[in-house]
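Peer 1: The residues making up each chain are set out below.
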Amino acid sequence: MPQLRPITSGREGIGLRSRHVSEIAATRPEIGFLEVHAENYMAETPAMDRLLELRRDYPVSVHGVALPLGSAEELERGHLARFKALIDRVEPVLVSEHLAWSAIGGAYLNDLLPLPYTEESLDLFCRHVEEAQEKLGRRSLIENPSSYLRYRHSPIPEPEFMTAVARRTGCGILCDVNNVYVSASNFGFDPLAYLEALPIPAIGEIHLAGHHAAEGVDVLVDHHGSRVAEPVWGLYVAALRRFGAVSTLIEWDTNLPALEILLDEARHAEELAHVHRYVDTAWPANAAPPSRPRR
Amino acid sequence: MRLRRAVLGGDTAGIVAAILGDGLDPAARVGIYRHHAFATLGDALQGTFPVVCRLVDKRFFAYAAHEYLREHPPHSRCLVEYGADFADFLARFTPCQELPYLAGVAHFEWALNIAATVREVTPLEAGKLAAIPPEEAAYVAFRLQPSLSYLASPWPIDAIWQANQQDEMPAVDLTRGGISLQIRRVGEAVAWQRLDPGTFAFRTALADGLVLAAAMLAATLKDPAFDLAESLRQVFAEGLAVASRISPKQETPQ
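Residue numbers (the working numbering), protein chains in the order written: chain A, 1 to 295; chain B, 1 to 254.
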């Protein structure tokens with residue numbers, strides 16, 4: 001029996017891209033929240049002022065893509081301090097980072113590189129999450145990666161690794177449903193079993209995005225450059241049934257379309273969340289009545 | 001480190017043994033990450049240097065960006081801060097030597113990028129200078145706006161940049177001689193202006209932290225008619241100085 005929980009930060013959100021900022025400011029579309037990449041707002045560009053203006057009307061989620069929580073080196077203090085300064089200014093509803101690493105020997109590769117899942121890497125990763133949460137002064141969500149390679153020595157299954165991180169550090173989980181689908185397809189595991197293995201109370205956000213097939217090899221790549229694929233919508237419904245209604249983000253970073261397309265994807269996610277809510281509230285006789293559907 | 005070498009340098013020999021094939025060459029799996037790193041970092045450079053990209057065309061730019069990335073991977077995680085030494089790299093990069101102004105245009109685009117990403121701070125008021133005892137005035141040094149860049153080039157790089165903002169590129173007279181530029185943030189906009197040689201020498205000396213007497217000497221050597229009082233008035237009128245100090249020791253231009 002899935003657990004019913006209120007939507008924590010409104011409805012479905014979209015990633016905020018600079019090309020859409022003026023249109024959003026002018027038309028004020030109904031969106032549950034806006035999510036920004038932390039690293040795009042660390043420099044003192046006029047974009048920061050635009051974001052703070054939008055912040056008055058929309059909840060904002062800050063998604064870090066470069067804090068090297070999974071790197072074997074110490075966390076880079078300078079970057080963490082800039083992350084903290086950003087959070088203090090924006091006061092986001094959600095803060096998230098990745099189960100990955102992206103820098104080594106001082107070089108930043110702008111990749112979300114995979115970790116081997118071992119007891120040793122678990123200790124290290126948890127230490128970094130704890131340090132980050134302490135410095136940022138708040139709980140953060142950790143996102144499951146899309147993977148294109150597996151290490152020979154990586155004995156802990158990924159959802160177990162995620163669960164252990166959440167249990168040990170108190171962090172939440174950002175479940176990227178498209179990443180689950182992509183990795184499952186690349187390595188032939190069951191995506192439903194993956195969702196089943198994640199702890200329900202830890203799930204704080206869902207990401208949805210497009211993927212494509214890599215050129216010349218039989219691998220799906222999470223590219224955030226197209227509409228959410230049909231089977232991923234199917235998996236999203238399964239995620240809703242397991243986790244309840246969770247703040248859901250439409251991510252779109254490359255081949256950016258018109259704002260209307262993003263809003264359309266967000267509306268579709270919202271429709272599915274509504275349908276799911278009625279399905280679940282119809283069963284138990286003593287359940288609280290469903291809240292009124294919006295629009 | 002092995003994965004860094006594999007992703008940056010394409011040297012996968014040290015890493016493939018640790019990776020499961022899962023029906024594919026492990027090196028091809030590393031290649032997916034490598035492709036993503038180079039594609040997105042290359043896009044970031046193209047976003048910062050759009051006119052350089054237009055001047056050499058996209059394919060050549062991708063090649064130059066690829067070589068640059070291998071030598072100079074980013075250290076900052078903010079990609080707008082990536083590319084500080086791209087212009088110097090292009091100046092040394094032999095395949096583009098036939099475009100002698102290319103590195104200059106890259107310097108200009110980097111200065112525009114700094115101006116776009118660094119906020120101006122409250123400028124010093126002119127009254128602050130008047131309060132300094134006359135006998136110490138020669139040893140005053142200033143800190144200038146952090147968004148400022150000064151750039152001199154034998155090519156009209158600002159005109160080349162401007163011409164490339166249009167679909168139909170107008171002709172640029174490359175023989176008109178060199179230019180000395182000041183680039184800065186003004187409010188939310190980026191602005192630049194050409195400076196006369198004396199003013200340019202004076203302001204670059206101040207920007208480097210030289211004391212007033214030394215900056216004046218540099219400017220006068222460049223332009224014997226240099227007017228210190230008027231130039232200093234201009235520095236304050238434009239809000240360029242943000243802090244001042246009395247230098248304990250005399251400094252002279254190199």
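Incorrect hints may have been included.
Which bits of chain A does chain B cover? Going by a derived footprint, with three or more residues having C-beta under 8 Å, they are [as the list claims (entries may be wrong)]:
no.	segment
1	33-45
2	105-112
3	123-134
4	169-183
Calculated directly from the structure, the hints in this document are not laboratory data. Remember, it's a predicted structure, so these values are computed and weren't measured experimentally. Here a beta-carbon is modelled for each residue, glycine too, at the ideal position from N, C-alpha and C.
Peer 1: Could you run down the list of hints and mark each one as holding or not?
Peer 2: Going through the hints against the structure:
1. 33-45: holds (count 6)
2. 105-112: Since three or more residues must qualify, the claim that chain B covers the segment 105-112 of chain A holds, with 7 doing so at under 8 Å.
3. 123-134: The restraint on the segment 123-134 of chain A is violated, since only 0 of its residues have a Cβ under 8 Å from chain B and three are required.
4. 169-183: violated (count 0)
The structure shown violates the earlier hints numbered 3 and 4.
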